[in-house]
Structures are given as structure tokens and as C-alpha cells.
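Start from chain A and add chains B and C according to the hints.
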Amino acid sequence: MTRAVGPATLRARRARAAWWLLAPTLAALALAAGWPLARTLWLSLTDATLADPGDFAFVGLANYLEHDAGQWYGVLADPQWWRAVRNTLIFAVASVALETVLGVAIALALDVPFRGRALVRAAVLVPWAVPTVVSAKLWAWMLNDEFGVLNHAALALGLIAAPIAWTADPDLALVAVIVVDVWKSTPFVVLLVLAALQMLPGECYEAARVDGVHPVRVFFRVTLPLIWPALAVAIAFRALDALRVFDLVYVLTANSASTMSISVYARQQLIDFQDLGFGSAASTLVFLTIGLAAIVYLRLARLRPEEVR
Amino acid sequence: MKVSGRLRRAARGALFGALLAAILAFALFPLYYALVTSVTPSGELFRAALVPPGWTLEHYRGVLAGPFLRAILNSALVAAAVAALSVALALGAGYALARIPFRGRHGVLLAILSVSMFPQIAVLAGMFELVRGLGLFDSLGALVLSYLILALPFAAWVLTTFARGVPRELEEAAALDGAGPLRTIARVFVPLLRPGLVAIGLLVFVTAWNEFLFALTFTLSDAQRTVPVAIALLSGASAYELPWGAIMAAAVVVTLPIVALALAFQRHIVSGLLAGATKG
Amino acid sequence: MRLLLGTVLAMLAGLAHAATVAISCGAVGRELELCREGAEAWAARSGHTVRLVSTPSSGTERLALYQQLLAARAPDIDVLQIDVVWPGILAPHLADLSAAARAVADEHLASLVRNNTVDGRLVALPWFVDLGLLYYRRDLLERHAARVPRTWPELTETAARIQRAERDAGNARLWGFVFQGRAYEGLTCNALEWLASHGAGALIDAQGRLDLRPAPAAAAMALAASWVGTISPRGVLNYAEEEARGLFQSGHAVFMRNWPYAWALLQDAASPVRGRVGIATLPAGPDGAPAAALGGQQLAVSRYSREPEAAASLALYLSGRAEQKRRAIAGGYHPTRPALYADPEVLAASPLFAVLGAALDDAVARPASVTGPAYNRVSFAFANAVHAALAGQSDAATSVRAFERQLRRIKRRADWAAPDRR
Chain A
2 MTRAVGPATL RARRARAAWW LLAPTLAALA LAAGWPLART LWLSLTDATL ADPGDFAFVG
62 LANYLEHDAG QWYGVLADPQ WWRAVRNTLI FAVASVALET VLGVAIALAL DVPFRGRALV
122 RAAVLVPWAV PTVVSAKLWA WMLNDEFGVL NHAALALGLI AAPIAWTADP DLALVAVIVV
182 DVWKSTPFVV LLVLAALQML PGECYEAARV DGVHPVRVFF RVTLPLIWPA LAVAIAFRAL
242 DALRVFDLVY VLTANSASTM SISVYARQQL IDFQDLGFGS AASTLVFLTI GLAAIVYLRL
302 ARLRPEEVR
Chain B
22 MKVSGRLRRA ARGALFGALL AAILAFALFP LYYALVTSVT PSGELFRAAL VPPGWTLEHY
82 RGVLAGPFLR AILNSALVAA AVAALSVALA LGAGYALARI PFRGRHGVLL AILSVSMFPQ
142 IAVLAGMFEL VRGLGLFDSL GALVLSYLIL ALPFAAWVLT TFARGVPREL EEAAALDGAG
202 PLRTIARVFV PLLRPGLVAI GLLVFVTAWN EFLFALTFTL SDAQRTVPVA IALLSGASAY
262 ELPWGAIMAA AVVVTLPIVA LALAFQRHIV SGLLAGATKG
Chain C
15 MRLLLGTVLA MLAGLAHAAT VAISCGAVGR ELELCREGAE AWAARSGHTV RLVSTPSSGT
75 ERLALYQQLL AARAPDIDVL QIDVVWPGIL APHLADLSAA ARAVADEHLA SLVRNNTVDG
135 RLVALPWFVD LGLLYYRRDL LERHAARVPR TWPELTETAA RIQRAERDAG NARLWGFVFQ
195 GRAYEGLTCN ALEWLASHGA GALIDAQGRL DLRPAPAAAA MALAASWVGT ISPRGVLNYA
255 EEEARGLFQS GHAVFMRNWP YAWALLQDAA SPVRGRVGIA TLPAGPDGAP AAALGGQQLA
315 VSRYSREPEA AASLALYLSG RAEQKRRAIA GGYHPTRPAL YADPEVLAAS PLFAVLGAAL
375 DDAVARPASV TGPAYNRVSF AFANAVHAAL AGQSDAATSV RAFERQLRRI KRRADWAAPD
435 RR
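Protein chains in written order, with the numbering used here: chain A, 2 to 310; chain B, 22 to 301; chain C, 15 to 436.
The following block holds chain A by itself, in its conformation from the complex:
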């Protein structure tokens, strides 16, 4: 029996077990992500191009920022980059906020037992199941100003007097992208919150319900604190995805400067402009921007790993 072992050795043995349990995950991530990430970081310091990726020179931080003949160059001196940062932040904050509120509300509604609940739960997952490439094209079609079904319906109902050019107007286009993302990604939040709700200990709930506390109070006092860790992680991963948004923006508005996100910017430099060095610098800046946002968020959400019990 292991009963006689002292607490210190036990802790050491458990720590060793922890590393063994983590090893497969870390190995898989190191294998799959290590080389690509290291390569991007290195290329961002060079002038490599796609035409001949083997032939390049080290240029230091010039791809990020460089002063030459009285002019600033580099990603950080490109107004288009800053415009993309602004677009991305607006998009991420708005879409994730909406998805969170809607997702929690829908999950609560689907937590109530009713007939046909299984079907409704499966139906709610549908937007998440349609491939993004297709759903973006589908929405582009529905949002079309002249023959899109949404304008058609709104005109018929008398909600608008003239068709609205949803994706053509620079400001409306960003709204359209947000709406489509909310449609597509809310199920992600719903499913995770639903799972979290299922795994709650039932007693607190029962107790609150028996006491006749108002349901809204029950939600804010009991349910939300209990599901918060799961919800916070769901929000974190939604935000990570939203900050890297690409296909949605690209299909709805192409390379238009007015809705470009930072991932679209990086892709344009890497693929369209074939500039591996500059594009890698942009990608690294995307990484840093998101990392910064993640750290800020984790602090605000009190999800600091130190608080792991």
C-alpha cells in the first residue's frame, strides 16, 4: 500500500504524473505548431518572397518599422494596418458580446424541459454546421440589395422604403459581417453553456427555486457564477476566433479596405502580394495583438491560472 508515503513525495509523484498526462498534448502541439510558428517569426525578420522562398536576407525589424529618407515604412507605418486593427476590434467586441448574450439566453431556454427539445437543440446547431465558405456566400446572396431575400421581405412588409445596400456601404458592411458571425457562432456558446448547465450540482438550484426567488435573481446570483468559468472560456475562444476572422469578411466584401480585418491584411501580404517577410511580420503582429487582448481578458475575467484551485 502507498499509505505510508509522506506528503512531499506524494506531491512530487503527482507532479510527475501531471507531466505524463500533459505530454501527449504538448508533444502533439509542439509537432504540429512548433515549426510553423518558429518559421513565421524568423521569416518576419527577412525579406523573403514567395517567388523564391530560399533566397532572402536578414533585415532585422524593417518589416515592422523602418525610417528611410524621411518616410516611415513597415507594417506599423501602414495606415491600412491600423484601419484593419480598428475594424477587427470593433468586429470582435460587438460579435462576441452579442453571441454571449444570445447564447446564454438560448441555452437557458433549451435547458427547460419541453416536448421536442432534442430536435430544437439539434436545430440550433445548424448554423455552426454549415461550412463558413458556404454560409458567407449564402448570406451575401440574402443580403444583396436588389434581389436579396431580406430586402425583398423587408420591402414587402413595409419596413423599408428602398432596398438597402448592406454590403456596399462601408459602415453597414461591418454590421452585416457582425450579424452573419452572430448567426454562425452563437451555437458554439449555446452548446458549451448547455453542457455547463448539465454539469451543475442540482441542489443550489432547487434550494433557490423552493425559496421562491425571482428567476432573474436566481440567474445572476446562482446560475451565472456557477457557469462563469465555462462561459468565460467559451468567450475566450470565441474572441480568439473573432480576432482572427478571415473567410467571412473575405467572401462578403473581398479585399475592400473599409472592412479589412488583420487576418485579411496578413493574407493579402503573404499570398496576394507574395511578400513572405512583410506578411510574416503582419502575422506576428496579429499574434501579438491577440496575445495582448487575451492577457487583458484573462485578467478581467479572473481566469488567471494562479486561481486554479
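Don't take each hint at face value.
Unchecked claim - Partial chain B-side listing against chain C, Cβ under 10 Å, derived: (1) ILE142; (2) ASP159; (3) SER242; (4) LEU254; (5) TRP265.
What the hints assert, rightly or not - Far from chain B, by Cβ distances over 10 Å, these chain A residues were calculated: (6) ALA9; (7) THR47; (8) ALA52; (9) ASP53; (10) ALA63; (11) ALA78; (12) ALA110; (13) PRO132; (14) PRO171; (15) ASP212; (16) GLY213; (17) VAL219; (18) PHE221.
Everything labelled a hint here was simulated from the structure, so no lab data went into it.
Here a beta-carbon is modelled for each residue, glycine too, at the ideal position from N, C-alpha and C.
Showing chains B and C alone in chain A's frame:
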């Protein structure tokens, strides 16, 4: 008093019904529109009709005649492998990160998360070299490997969070019986976390099912291609024409398996497991 | 015994010569079928085998795939179908076909051969062309006693007049003119036609010098900007080819600028405008000549091919006279060989060929080959400058100046005017 109570309940029921109807309309309308478009003859596609102005199965025939069924099978294989692998790996990682205090835990969590911070396109070229270097080019293995960086960080983080919610008494009871970490995970955590495991598995499955960029770049033959690429390969008579009917038919065809899957796994997301277990 | 050995050796030698060539030409559908038929005809004739690799129909996705494969020197595709603006981008990875094609190069449209020649190397063979065309509603023009406009101001005036009259008569959602106004490659083509037909130049000339006269350029852009919200819906700012066709095909536009592909679809049995559509060359500027943006696809051979001779032979066969004629008649693909536009069988296949043959003289190529890898930057800057003018975010003259400034900035990174740097 009694009557008003019943009225209130009826009103609340109606309100709830309306809420459900709104949720369903929001979620399903675009798919309905895709369905309408997929049965509309090509010449009448620009009409913005809520019911099909004509009726045809030509788009479905066209889609199913191509290498599409093969692509569905490939997607299912890849997505199932990625879902199973990520859940299995993340279960161990999640338990360790949630329950075992050790030095460097903070760093490990952040390192795992940081993998999700690079734009996919930036990882593409390096991943392409890796895939070729390992001899995995144009094989489903390339996709399983590359999708792990999309799925694993998410699965590990969510499972860590869920595992923290498991009451300590249960784990301690297992430890008293002399169970090691693996046995504890299998006996205590898997049954208790089943709703979470199923939810994560579904989300990862769908992520892999829908991924486009890696699938396009790492496979080249029709025998290895997956659904989103097969959809992008649909074309009309020329490069400019978008074969709307066919794309929408394909969208309907690839969405149905996911709905079936969600229905099948639905009963695993059942309530009260944990509550019952703590009492027992 | 010796005879048997001889036969086996001969067979082995034959096998060694029989190559398998992989070609990427189009996506799934009719496009791929036509290519398969042609490639298999070549295979039957040459004794080699072909393998078709389908690639996405979207140009951006196809280019990204090619770039990954070629940058890794992957031999998986031998013959690549490439867009007319890609030779400059992909040239370092493509084989020089000038020796193989010496006898036939001058049978193709000279502007395409020039386009496909990068630093003296012929990196691709012309396969089929695309040209900007003007589609019009014959019935509406007849009803309002209007002729097909020959100049842009005339088009503006006719479109406005018919739109007003038809709307007064109850056709409330009719628009005058639709084109491709989204900030993408298609807008570069549209705007290049406006500029070139106004005598404002073609952005960059063959020597790599700036070819842009600000005054007529601003005039052309101002005219186009005046369309948005008057004769064109505001949504045109996000229209690509299919959105424009959708509006025109559903009967809601008098004129449309589009590529030849739309013709067959407009004549589809279920098309609401079937039989009521005419085609013409695009209008000219007030005192310029008409201009039609040159598009189309080329066939290139990868430098990393393991079977370069067989691959070049396949590319030559597919771009050859007989195969181009077959594709013109069977699929409506437009030959790159001017001689075929005088071929009675081709002319009989579709009325498009006559109009297209005439428009070939007005073809204006985008400055893709001369700017090389920087082309997409130039095109992006140009499209976004024009888009800002169309959207009313800046006036035309400011947009032209902004584009000139941007061009200087791009040139600093990739100086295409100095060949010694390459």
C-alpha cells in the same frame, strides 16, 4: 386567484413558445433559403422567392454524381479522428491542469492558448513543409495532424474548466481506493463530464468537418479531398459563373449528417448526472 | 528466346517514354469535362497518360494553392492553367516555352504573347481570352428609340432616359447600368477600360513607366462616380460579375458590362431576358477609342515537372488550332488565335464570336507582366482608389493623386523599371 394563475401560466407558455419559434427561425431560415435555392431551376435563381418558383432536382443530381460522396466519407473520417484524438488527449491534460498542483502550470496553459493566436494563413506555409517532410502530403493524415492545432487548445482549456467543477470528494474517494490518475479519470471524470465531453467532441468534429484552407492545400487528389474543398471545386461552365443551385444543394447535403449526429448525441447531454452522483 | 528478350526490352523502353502528366485545368463541371476530352485526345495520340487535378474555381484560392506547391518545388502538377495576370507573379517557377513554341507563337494574339513573356522568357501559352463587353436590352432600346451607345456620355444619357421613362411607366426597380464595382480585380478591369477609353493611359507602360494622364483619368473616374446612385444602384459598390448578371438577368437593368460568359446564361431557357439581349463592344470616351480589358487563361509548364517535354507537348496541343476550335464550338471558349474568328464554323456557333473578334482590336492588357510580383499591389491600390471615388469618399482628382503616391511607395519595394535588379 386560481384562474389568474392559470392565465399567467398560459401566457408564459405562449411567450416561451414564441421565444422558441424566434430561436428556430433565426437558426434555420438561411438553411431553408438554401433548400429553396437548391431546388430552383438555374434560370430562375435571381428572383428572391420564399417558395421555389420552379422545382428541380438537377442540382442534387449534379452534386451527387461528382466525387462528392467520397468527400463526405473523407470528412467524416478526419473529423471523427480529430474529435476522438483531441478529446482523449485533452482529457489527460485537463485533469492534470485542473487537479494537480505543479510548477509551470501557468506557463503550460498560456503556451497551449498561444497556439490559437496565430492567423491560420501564417501557419500554412510551415505546416505545408512539415506535411511534406513527414510524407503526409495528399493524405488524410495530414489533415488530422494539422487540425490538432485548431482543436486541441480549445479542448484542453474547456476540459480544464469542466474538470475543476468536479467535486473533490469523489476524486479523494477514488484515491483512497488506490486508483492512479488514469483510473481516476476513467472511473470518476469521464462519467461525470460526459455532457462536456460530448459538447466538446461535437464542436471539434464540426470545426474539422468545415475546415477549408488546410484541406485545400494539403490534399490534391479527389480521393483525399474533403467536403468544403469539394464545394469550392463546384463550377459552372466558366470560372465567373457561380453554380448557386449546386452550391446550395451541397450545403444542404453536408449539413444533414451534422444534424443527425447532434440528434444522436443529444441524449448524452442529459441533466442531473452530477447531482445524482454527489449524493450517491 | 532472344526475340522474346528483345520484345521485353522494347516494351520497357516504350514504358520509360510513356509519361504521366498531371494538368490542372478548371474546377469540377463542364469546364473540367472539356479539358478532359482535349487532354485525353492528346494522350491517345502521344501514348502518354494524363491525370487531371481539379483546382478551385475561385482565382484567389487557385493562386494560393499554386504558390504553396511551387514555392515547395512540388512536382505534383506539370501543366497549370493560369490567369492572364499571373505570368509575372509565377514566372520564376515556370519553364521557358519559347523554343518549344517558336513555330506557333505568332499565331496567337500578339498582346497575349507579350503579356506571357517575362524577361524574355515565354512562360505560358495563350489558351482562351476574355474581354469586357457591353450587354444591352434590345427591347428597351427599341421601345425608347435609342441606339446602342458609342461613347460613355451617350451611355450615361441613354441609360438615364430609359430608366426615367420606364420608372414613370411603373417599372419601379429598373436601373440604367450595372458593372463590377467591388474593390477587387474586376474593378481594376472596369476602371482600366474607363481610363484607357478616355485616353488616360493604361497605368503603366511596357517599359514600366507611369502611364497615367491625370486630367482625363479624373474625368473618366468622375463620370463613373456620377453613375452610382443615379443610373446604377448603390449596391454596385459591392458587385462582382455574378451580382451584375443577377440584376441584368432578372430584367432590372438596361446595360451591363460583363465578360462573355454571361451570354450563354442570359440565353438559358429559363432566363427572363432570353432573346431580348444584345451585345456590343464597350463605348469609347468623349474623344478616345473604345477599350476592353483583356482577360483569359494560359497554360504554363512547371519548372519542377519531372516530364517537361511531355508537359510542353500537352500545353502545345491544348492551345493548338484544332483544340481551340473544338472548345470554341463545344463550350463557347474564345480562341486566342485571331484566324479562328474568320472560321465560318466558329462564327456559326455563336453570335458572340463576331462581336468578340471586333473587340479584340480594342483589347487593353493590365500591367501584369511588367510589374511582375508587384502586380497585385498595383491592382489593389488602383481598385481601392477608384472605389473611394465611386463611393464618394474622395473626389476623382484626389483619388488619382492618391493612387500616384501609392504607386511610388510600391515602386520603392519592387522596382520593376530597373531590370538589372531582377
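For each hint, the structure was consulted:
For ILE142 of chain B, the suggested interface contact is upheld, since its CB lies about 9 Å from the closest CB of chain C, less than 10 Å. For ASP159 of chain B, the shortest C-beta to C-beta distance to chain C is roughly 8 Å, which falls under 10 Å, so the interface hint holds. The criterion of a C-beta within 10 Å of any C-beta in chain C is met by SER242 of chain B, whose closest approach is roughly 7 Å, and the hint holds. Below 10 Å, beta-carbon pairs count as interface contacts, and LEU254 of chain B has one with chain C at about 5 Å; its hint therefore holds.
Given the 10 Å rule on beta carbons, the hint for TRP265 of chain B holds: about 8 Å separates it from the nearest Cβ of chain C. Every CB of chain B lies more than 10 Å from the CB of ALA9 of chain A, the least distance being 13 Å, so the non-interface label holds. At roughly 13 Å, the least C-beta separation between THR47 of chain A and chain B is larger than 10 Å, which holds for a residue marked as non-interface. For ALA52 of chain A, the condition that its CB be more than 10 Å from all CB atoms of chain B holds, with the nearest at approximately 13 Å.
For ASP53 of chain A, the requirement that its beta carbon stay farther than 10 Å from each beta carbon of chain B is met, with the minimum near 13 Å. With a cut of 10 Å on Cβ distances, ALA63 of chain A stays outside the contact zone with chain B, its closest approach being about 19 Å. The non-interface label for ALA78 of chain A is consistent with chain B: the shortest C-beta to C-beta separation is roughly 20 Å, beyond 10 Å. For ALA110 of chain A, the condition that its CB be more than 10 Å from all CB atoms of chain B is violated, with the nearest at approximately 6 Å.
Listed as outside the interface, PRO132 of chain A is inconsistent with that label: its C-beta sits roughly 4 Å from the nearest C-beta of chain B, within the 10 Å cut-off. Every Cβ of chain B is farther than 10 Å from the Cβ of PRO171 of chain A; the closest lies at roughly 23 Å, confirming the non-interface assignment. Distance check for ASP212 of chain A against chain B: the nearest CB is about 18 Å away, which clears 10 Å, and the non-interface claim stands. No beta-carbon of chain B is positioned within 10 Å of the beta-carbon of GLY213 of chain A; the least distance is around 14 Å.
Every beta carbon of chain B lies more than 10 Å from that of VAL219 of chain A, the smallest distance being close to 16 Å; the non-interface claim holds. The beta carbon of PHE221 of chain A sits about 19 Å from the closest Cβ of chain B, which is more than 10 Å, so the claim that it is off the interface holds.
When the structure is compared with the earlier hints, violations turn up for hints 12, 13 and for no others.
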